[in-house]
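Model the placement of chain U with the ligands on the given structure of chain A, informed by the hints.
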Amino acid sequence: MMEQTWDIIIVGGGPGGLFAALEAARAGKKVLLLERKREMGVPVRCGEAVGKEDFANYVEMEPRWIGAEINTFIMVLPNGKEVMLKRDLYSGYVLNRDLFEYDVAARAADAGATIKMRSNVVSLIRDAGGNITGVRAMELGREREYYASVIIAADGVESRIARQAGIATALKPQDIEPCVQATVSGVSLPEQALYLYVGTCYAPGGYAWVFPKANNCANIGLGINGKYSDKNNTARLYLDRFLEKHFPQASVQRYTTGGVPVSMNLKTLAKDNLMIVGDAGRMVNPLNGGGITHAISSGKKAGKLAATACDSPNKMKDLFARYEKEIAREFGKNHEHQYRIKDVVYQLKDEDYDRIGDEILKIDVSKRSFLTIFKHVVKHKPEFIIDVVKAYSGI
Amino acid sequence: MIIELGHCDQCGTCISVCPADALMLTENALLIDHEACTECLLCVNICPIAALENK
Ligand SMILES: Cc1cc2nc3c(=O)[nH]c(=O)nc-3n(C[C@H](O)[C@H](O)[C@H](O)COP(=O)(O)OP(=O)(O)OC[C@H]3O[C@@H](n4cnc5c(N)ncnc54)[C@H](O)[C@@H]3O)c2cc1C
Ligand code: SF4
Ligand code: SF4
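Protein chains in written order, with my numbering: chain A, 1 to 395; chain U, 1001 to 1055.
So that you can see chain A by itself, here it is in the shape it has in the complex (with noise of 0.2 Å):
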């Protein structure tokens, strides 16, 4: 059995794990990422948009990470018409995300980071004293040990790490989304818009997306609230519904699987000298799925304060009290506010959808912002607005 020490050990190489071995690198620590899979970035369990700014706030983009920009936003009702929102009211990309994530592991690589693929962690290992000191993995049918100071764990929305420290990650099934997405060619969008189909008849407790990439080829997927889902109503039977309706020209080129954990941030996201960032901490925005930047931004926070815990280990407790504070305040407070708009939207009916939609389509369509919108919805259906003051102040 082999034994290394390292100053900080990332369990997980999606954007959250990348960018902490990135910002930890870059000031100047011994850096450890093992990633259970294959091939950096690869498979892509996502539909990889993200907002423009948003996305430019925190990486320093690069040409061939833009799979398609993005200046619209088309929601289509249960009845199949579709309610155009504002142009540029809305811009985005969707990614290439397995470029994005072999690129980004090249720089922490070039930063000084060791990254290791084909590594699986299964435990932490703990002192006589119960205190972690570091990570057991498994490869190639191998056991090895790794040490480190600090661990941080990015480990997505299996989130095991953490669960291993003592922190309650399970989630309840209406805290998940189970997904399918088919990356299909054959498809000539009109718009260089994002598509969500909004509606039980779609998927129910959760929507399908149409997002575009270039040479005609989609990301179309659809998750479902996990309390629908069933050995017989999976979300891949809706998919396969939805594309047979819907897109019955487009070949498909990939299928990939995977779980949005869409309840509230976890509350505590640091303990010991253990951190959580991304899905593993459970910061997805509940009401869109979208957790790409907040697994970069909390990663990039945790990588810079695990280096400044490194030098100065008397003050981890205080640095790791500040992680969670910043996180909070990013958006872990605005999560808990979407958490709860989220139960008002999915009770909407078909027929609700189909109302408001048809309410928005009377506003011309270079009108048509946020805020004209909410007008028109509160005038058609006034208890809306009294469900959504709920649920931001929470009773």
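Don't take every hint at face value.
[Claimed, not checked] The list that follows gives simulated cross-link-like pairs (lysine-lysine, BS3-like), each with its CA atoms no further than 30 Å apart: (1) U:K1055 with A:K271; (2) U:K1055 with A:K227; (3) A:K227 with A:K267.
[To be verified] Across the chosen pairs, the derived CB separations fall in these ranges: (4) A:N288 with U:T1026: 29 to 35 Å; (5) U:N1028 with A:D272: 41 to 47 Å; (6) U:A1036 with A:E145: 19 to 25 Å; (7) A:R241 with U:H1007: 29 to 35 Å; (8) U:K1055 with A:R241: 48 to 54 Å; (9) A:G112 with U:N1028: 40 to 46 Å; (10) U:T1038 with A:P204: 23 to 29 Å; (11) U:T1038 with A:E62: 45 to 51 Å; (12) U:H1007 with A:K367: 45 to 51 Å; (13) U:T1026 with A:K367: 53 to 59 Å; (14) U:K1055 with A:K367: 56 to 62 Å; (15) A:R87 with U:K1055: 52 to 58 Å.
[What the hints assert, rightly or not] Every beta carbon over 10 Å from chain U, so not counted as near; a handful from chain A, in silico: (16) R26; (17) F55; (18) L99; (19) E143; (20) K172; (21) V180; (22) K317.
To be clear, the hints were calculated from the coordinates, so they are not data collected in a lab. C-beta: ideal position from N, C-alpha, C; glycine also.
Structure of chain U with the ligands alone, referenced to chain A:
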């Protein structure tokens, strides 16, 4: 007893709901700890591609 039918995609969704921490991924398979499992069936119901069954 929960079994994996052979078409698991290693997405980890089932692991995220398991209250007993009875599930774990290896490099290319899903391990089920039958001792720890309480047969609550949450994993069976959540799998996006119905790769699990209670036999
Ligand atoms: C179908 C689907 C569509 C989505 N669409 C979007 C979207 O359009 N926009 C958006 O912003 N977000 C989207 N998301 C959410 C987004 O993918 C996640 O929020 C994001 O990937 C979180 O990054 P992360 O680094 O925290 O975790 P992940 O990207 O999940 O990375 C975790 C990594 O840890 C590795 N790992 C886990 N356990 C171990 C272990 N024990 N040892 C070693 N390695 C381990 C895994 O192999 C994985 O590579 C989607 C998610 C799904 C499932
Ligand atoms: S949810 Fe299904 S596909 Fe995903 S890891 Fe579990 S058994 Fe495999
Ligand atoms: S049946 Fe319940 S306890 Fe058993 S593996 Fe599945 S989720 Fe875990």
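Violations among the numbered hints, reported as their numbers in ascending order: 1, 5, 7, 8, 9, 20, 21
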